[in-house]
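Visitor: Quick mapping for you: the protein sequence lines, in order, are chains Y and B. The letter at position 97 of the first sequence is residue 97 when you use UniProt numbering, and the numbering goes up by one with no holes. The letter at position 18 of the second sequence is residue 18 when you use UniProt numbering, and the numbering goes up by one with no holes.
No lab work stands behind these hints: they were computed from the structure. Predicted, not measured: the structure shown is a model, and the values here were computed from it. Each hint should be verified, as a subset may be incorrect.
If you want the footprint, here are the derived chain B segments under chain Y, 3+ residues with CB under 8 Å [unchecked claim]:
#: 1; region: 79-92
#: 2; region: 116-126
#: 3; region: 143-154
#: 4; region: 272-278
#: 5; region: 288-299
#: 6; region: 352-361
Each residue gets a CB set at the ideal place from its N, CA and C atoms; glycine is no exception.
Below are the chains, spelled out letter by letter.
Number of protein chains: 2
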Amino acid sequence: MLPWKACTVGDSMEQIDTPSLILDLDAFERNLSHMTRLRGQMRLRPHAKSHKCPEIARAQIAHGAVGICCQKLSEAAVFASAGITDILVTNQLVGERKLRHVRELAQTIRLGVLVDHAEQIRSLGHVMAGSHHELDVYVEIDVGAGRCGTTVEQSVVLARKIHALDGIRFAGVHAYHGGAQHLRKPYERAAAIRFAAARASQARDAIESVGMTVPIITGAGTGTFWHERDSGVYNELQPGSYIFMDRDYADNEPDAGEARFEHALFVLATVQSRPAPDVAVIDAGLKASSVDSGMPAVYKRTDLKYVKASDEHGVIKIGSQHGLSSSAKISDATTGHGLQLGDKLMLIPGHCDPTVNLYDEIICVRGGKVEAIWPISARGASL
Amino acid sequence: MLPWKACTVGDSMEQIDTPSLILDLDAFERNLSHMTRLRGQMRLRPHAKSHKCPEIARAQIAHGAVGICCQKLSEAAVFASAGITDILVTNQLVGERKLRHVRELAQTIRLGVLVDHAEQIRSLGHVMAGSHHELDVYVEIDVGAGRCGTTVEQSVVLARKIHALDGIRFAGVHAYHGGAQHLRKPYERAAAIRFAAARASQARDAIESVGMTVPIITGAGTGTFWHERDSGVYNELQPGSYIFMDRDYADNEPDAGEARFEHALFVLATVQSRPAPDVAVIDAGLKASSVDSGMPAVYKRTDLKYVKASDEHGVIKIGSQHGLSSSAKISDATTGHGLQLGDKLMLIPGHCDPTVNLYDEIICVRGGKVEAIWPISARGASL
Numbered sequence: 001m002l003p004w005k006a007c008t009v010g011d012s013m014e015q016i017d018t019p020s021l022i023l024d025l026d027a028f029e030r031n032l033s034h035m036t037r038l039r040g041q042m043r044l045r046p047h048a049k050s051h052k053c054p055e056i057a058r059a060q061i062a063h064g065a066v067g068i069c070c071q072k073l074s075e076a077a078v079f080a081s082a083g084i085t086d087i088l089v090t091n092q093l094v095g096e097r098k099l100r101h102v103r104e105l106a107q108t109i110r111l112g113v114l115v116d117h118a119e120q121i122r123s124l125g126h127v128m129a130g131s132h133h134e135l136d137v138y139v140e141i142d143v144g145a146g147r148c149g150t151t152v153e154q155s156v157v158l159a160r161k162i163h164a165l166d167g168i169r170f171a172g173v174h175a176y177h178g179g180a181q182h183l184r185k186p187y188e189r190a191a192a193i194r195f196a197a198a199r200a201s202q203a204r205d206a207i208e209s210v211g212m213t214v215p216i217i218t219g220a221g222t223g224t225f226w227h228e229r230d231s232g233v234y235n236e237l238q239p240g241s242y243i244f245m246d247r248d249y250a251d252n253e254p255d256a257g258e259a260r261f262e263h264a265l266f267v268l269a270t271v272q273s274r275p276a277p278d279v280a281v282i283d284a285g286l287k288a289s290s291v292d293s294g295m296p297a298v299y300k301r302t303d304l305k306y307v308k309a310s311d312e313h314g315v316i317k318i319g320s321q322h323g324l325s326s327s328a329k330i331s332d333a334t335t336g337h338g339l340q341l342g343d344k345l346m347l348i349p350g351h352c353d354p355t356v357n358l359y360d361e362i363i364c365v366r367g368g369k370v371e372a373i374w375p376i377s378a379r380g381a382s383l
Numbered sequence: 001m002l003p004w005k006a007c008t009v010g011d012s013m014e015q016i017d018t019p020s021l022i023l024d025l026d027a028f029e030r031n032l033s034h035m036t037r038l039r040g041q042m043r044l045r046p047h048a049k050s051h052k053c054p055e056i057a058r059a060q061i062a063h064g065a066v067g068i069c070c071q072k073l074s075e076a077a078v079f080a081s082a083g084i085t086d087i088l089v090t091n092q093l094v095g096e097r098k099l100r101h102v103r104e105l106a107q108t109i110r111l112g113v114l115v116d117h118a119e120q121i122r123s124l125g126h127v128m129a130g131s132h133h134e135l136d137v138y139v140e141i142d143v144g145a146g147r148c149g150t151t152v153e154q155s156v157v158l159a160r161k162i163h164a165l166d167g168i169r170f171a172g173v174h175a176y177h178g179g180a181q182h183l184r185k186p187y188e189r190a191a192a193i194r195f196a197a198a199r200a201s202q203a204r205d206a207i208e209s210v211g212m213t214v215p216i217i218t219g220a221g222t223g224t225f226w227h228e229r230d231s232g233v234y235n236e237l238q239p240g241s242y243i244f245m246d247r248d249y250a251d252n253e254p255d256a257g258e259a260r261f262e263h264a265l266f267v268l269a270t271v272q273s274r275p276a277p278d279v280a281v282i283d284a285g286l287k288a289s290s291v292d293s294g295m296p297a298v299y300k301r302t303d304l305k306y307v308k309a310s311d312e313h314g315v316i317k318i319g320s321q322h323g324l325s326s327s328a329k330i331s332d333a334t335t336g337h338g339l340q341l342g343d344k345l346m347l348i349p350g351h352c353d354p355t356v357n358l359y360d361e362i363i364c365v366r367g368g369k370v371e372a373i374w375p376i377s378a379r380g381a382s383l
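Throw the hints in and build the complete structure from the sequences for me.
Guide: As structure tokens, this is what we get:
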């Protein structure tokens, strides 16, 4: 709830008040197209928890996505209000108030949810009883992340329970390996997804062995999706961060055959203090760029290192050895020492999802100008 | 922007949809009164970056605060719109768009800002020239935190530059030691504030030696304010977190003479999955409770440990040795294993400020019922 706008359409980058969330439209569009090529024959259901922005969901669907994932029911309700008609909430939903909204939302869109416990199925069956619109229910299996999800054996039990109830429909298996996405080494990620795909295929075989079909096996993230694509097991991919590419994803060592996505999301910040020759303080701290996955990087400024975030300040160390060759050190250090009050820097957030969740709007730029301002309509939709 | 309300006034705690931000009104009010006693003869100007909530600012002023601090100009504008008339923005403000708003806001309230560089003074003087309402300008000195702030010697130069310009008024010295607030040992905090107070008194003496007066020496936080109070140097205190008390502040080892504040701010969460006998997954991850200062604690459940946060999930380890005696371990572990889907837990956020900034509303409870719902009007006001 800002009392004034950070900018208006047509402004130059220099005119944008800071800190502000910036989308480089050219890079974003290249990322969209790149994913369209890379997904091959797979269904693409991008995760909207990364962006919470209906304009972006519409762009993904225009690029061939079958729908979106959300992580929260209230998030899904916001996207449904914005006209998105096929949403999988990749989460277990518990609580009377929430379940009433499940029923309501399932009347207006194709809605899917996850279960990993018989009690969730009983509740969903209870709330959906007598509904004219079935709810898609996926059994989540634990494929190595050690968070939610059930065993292969239990997945059969749960699938049959879903099948036995009116108002809910067994839609498939959810097999997302969150823990694999940021394993730094390519062979670690490959091994993790081999394990996940084996579990998913075991669950599929076990469920099919009792005479049911498994329409969808869904999962995958930006760090691994080409492994799921090539697994012969999955038929739907859920990457979210590929549109933005945060610092944490960029820190993964790339696979030989993996095409990299471009950084498209930034936090624009301003130098507000120069307390020492080798230190600049900027106006973007941890309320402007989430630090749960580490500090942001400074875009195209290898001479600058974001070393410390407090709530509303970021401390930038200038010059010295930020992984540079010695010749680069000297010239960059010279550049860095020239940082002036009022200079603007572009930060690459450590983690895009919680960073986007700090802002009401994303400022879309192209050719150095503000082309559009998109509302982050599901910002704060945590219920 | 939630598509539905988490609760309505009069609901029981059990009826609140989760995750939600909860204020225990009784504990909050005791914290307010406690600070009124502890501040003694000092001016109290609580920091509103912790709560971003006009209702809370009004309660603080009703308890004797002279005004509030904000950390962002846009935050101050929100509070000004809500009727708060005396605000110190404890920050350097740089950028043309921001400075125009400084002038506007200074017409409607008593506004203060910080400087630590001659260029900021020049810009403020330029924008305030010809204004009918003077802007209070404080020189920030670095008292050990190593962030913004100038030296004692330079503070004299800056004070004189402020004094020389129309439209701005030298209001005093800002001497906040952020780095001291979470030093765990009482003697570490005491030593840090002795150093800070020495620097502040040197700055005061140096500025007075050129014939100026130093009306206000302001600083202090919840972790140290009684040291500033007793320093003989400061005359204004800026604590913010005392109203809420997060886990990080509670982890400080208490001073012998220090009265502790109570936990009053919580994130209410629901058990959504029980993937293993010793694991529960709740619906509150790092978008519900900021983890920049570590994981939240589980209130009054020493048998439960919040071990891992992903965006929208929290992993709770049940039982075992969470700092308990062996007899307590057994009974608590038994309790923990009884956790059911749908059970609610109260989390004590690791860090209150960025946690509050995730929510649009704070749900105020007393006696197990929702008594009020207060808007967090300055949520997201980062400009």
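Visitor: Check, residue by residue, whether the region 143-154 of chain B contains three or more positions whose beta-carbon lies closer than 8 Å to a beta-carbon of chain Y, and give the verdict.
Guide: holds (count 5)
Visitor: Per the coverage rule (Cβ-Cβ under 8 Å, at least three residues), is the region 272-278 of chain B covered by chain Y?
Guide: It holds, with 4 qualifying residues against the three required.
Visitor: Closer than 8 Å Cβ to Cβ for three or more residues is the test here. Does the region 352-361 of chain B pass it with chain Y?
Guide: Answer holds; 6 residues pass the 8 Å Cβ test.
Visitor: Are there three or more residues in the region 79-92 of chain B whose C-beta lies closer than 8 Å to some C-beta of chain Y?
Guide: holds (count 3)
Visitor: Report holds or violated for chain Y covering the region 116-126 of chain B, Cβ cut-off 8 Å, minimum 3 residues.
Guide: n = 4 at 8 Å, threshold three: holds.
Visitor: Residue count check for the region 288-299 of chain B against chain Y: does it reach three with CB-CB under 8 Å?
Guide: holds (count 4)
The structure meets every hint from the earlier list without exception.
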